[in-house]
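Engineer: Sequence:
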Amino acid sequence: MARKSANHLLRDLLTEAGWSAADLSRAVNALGDLHGMSLRYDRTAVAHWLAGSRPRPEVAGLAAQALSRRVGRIVTSADTGLVSPGGTGIPAASVLTVREPVKRLGLLCRMDSDPARRAVVDRSVVSAAPPALPRWGTGPRLARPAGRGRRRATGADADRLEIMATFTALMCERYGGAHGRSALALFLAEDVTTLLTAPAQPTARRAILTGAGHLTLLLGNMTHEIGRPALAQQYHTLALEFAHAAEDRAAYTITLRCMGLQAHRLGDRRQAVVWGDAAVELADENVPHAVRAFAHAGRAVVRAGGRSRRAVADLTAAERHLARATGAEGAFTSYPEAALRYQRAEALSLLGDRAEGRAELEASLTRRPADHHRARALLHARLARALLADHEVEAAVAHAHAFLDHYQRLARGSAHGVRDSLLREFTPYRRIASAEALRVRLQATAP
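For what it's worth, our numbering labels the leading residue of the sequence shown as 1, then goes sequentially.
Everything labelled a hint here was simulated from the structure, so no lab data went into it. For every residue, glycine included, the Cβ atom is placed at its ideal position computed from N, Cα and C. Any given hint could be a false lead.
[To be verified] FRET-style restraints, in silico, Cβ to Cβ:
#: 1; residue 1: Ser38; residue 2: Arg430; range: 18 to 26 Å
#: 2; residue 1: Ser38; residue 2: Leu186; range: 39 to 47 Å
#: 3; residue 1: Gly417; residue 2: Asp42; range: 19 to 27 Å
#: 4; residue 1: Ile163; residue 2: Asp371; range: 16 to 24 Å
#: 5; residue 1: Arg430; residue 2: Ala183; range: 39 to 47 Å
#: 6; residue 1: Ala156; residue 2: Arg430; range: 57 to 65 Å
#: 7; residue 1: Gly155; residue 2: Gly352; range: 24 to 32 Å
#: 8; residue 1: Ser84; residue 2: Ala156; range: 45 to 53 Å
#: 9; residue 1: Ala132; residue 2: Thr366; range: 39 to 47 Å
#: 10; residue 1: Trp136; residue 2: Asp12; range: 29 to 37 Å
#: 11; residue 1: Glu425; residue 2: Arg270; range: 26 to 34 Å
Using the sequences plus the hints, can you model the full thing?
Structural biologist: This is how it looks when you write it as structure tokens:
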């Protein structure tokens, strides 16, 4: 049997990061939890990697992500020495190297909407290098539409995409990100890619690109909600590319803001700051006030995550822009006050103002429609955690039961991880009868 060669690439990266084998194993396990993988690596496993063993490709991808965050630059799976030379060994990874956005969207969505190939897609995106983002002001990368012999796309087609986006956003609020997600992926793969490659007048083409970007962004948000953040980033990157090609500054800003908050919730502070700042800087006077409020509120949370009091200035700016916002209510044209209250609560809580954070959560809850089960579930869960932090167990139990009432109305897989998190947080209180009864109900509820 051939002897394994020591992994000098990984050893050098650990030295650069100032990490021990145990540090890397903990970081990989933590990222695995975020990606829906239950991993139990320890320093012994990393020692085997250093000696030449290789983990599964998706684990190599997690190690690369962890090291990227630590050293402040992009580290690929190949850079770690944890994958065989020449790639990840997963055929589906080739989809991610397709440069043309429309073709990449079609291929990725077809695989994602197929239950037999979905797991392969997940392993591929976790192992792949982070996608390259288009920069505002650079030249478009989309291929030219097909010529003669194809039905022309029109403004009516663009209207259809926006109606679909409005409907999808509403269904997400009512039934969670898992509801209709595969159907949306298939719609993008079939109908939307056809429209994007059809000839059209410039105005109609830009509107179709914007509609495609909105739908792809929604798919990314839904994908993140069900616990697949690496794939969500692929969709968000595509949404950016469509907004860029449409020269739609507002859509580009909205997508960057979503990406910044996703990075924040994944613990990638460096990237969260980059995207949060970029969203606010791009939202100039040509961008609607509702979008500017949305961008400032997102950056407030990112800044608060770094304990920066500058978050308060962003919250003030968000309120100022929201007060001046006009236009029709819609998923991409307005920013509800209830949503701003939710972001205020998150930012203030991160800054240590728990009482004001709780007040903002309660204010957001009173403004949410009764059938917005996703938002209401998340708000009740946050209130339960906030009350537990102040040792108000009975009130926390009541909110946790309310969370379950709404959670059970969501499509299975939505609000990924929230139920399990509450179950862990109530465990220390199991000697209290009401808390133990809640734990039993939580355990009996399908995740």
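Engineer: Now tell me, hint by hint, if it's right for this structure.
Structural biologist: Now for the hints, and whether the structure bears them out:
1. Taking 18 to 26 Å as the suggested C-beta distance range, the pair Ser38 and Arg430 conforms, at roughly 22 Å.
2. Taking the beta carbon of each, Ser38 and Leu186 are about 29 Å apart, not inside 39 to 47 Å as hinted.
3. A hinted range of 19 to 27 Å for the beta carbons of Gly417 and Asp42 is consistent with their spacing of about 23 Å.
4. Checked against the given bound of 16 to 24 Å, the beta carbons of Ile163 and Asp371, roughly 20 Å apart, stay inside it.
5. Against the hinted window of 39 to 47 Å, the Cβ-Cβ separation of Arg430 and Ala183 comes to about 41 Å, which satisfies the hint.
6. Between Ala156 and Arg430 the beta carbons are some 59 Å apart, a value that agrees with the proposed interval 57 to 65 Å.
7. About 50 Å separates the C-beta atoms of Gly155 and Gly352, a value inconsistent with the hinted range of 24 to 32 Å.
8. Between Ser84 and Ala156 the CB atoms are about 50 Å apart, so this pair conforms to the stated range of 45 to 53 Å.
9. The beta-carbon spacing between Ala132 and Thr366, approximately 43 Å, falls within the hinted interval of 39 to 47 Å.
10. About 36 Å separates the C-beta atoms of Trp136 and Asp12, a value consistent with the hinted range of 29 to 37 Å.
11. Taking 26 to 34 Å as the suggested C-beta distance range, the pair Glu425 and Arg270 conforms, at roughly 28 Å.
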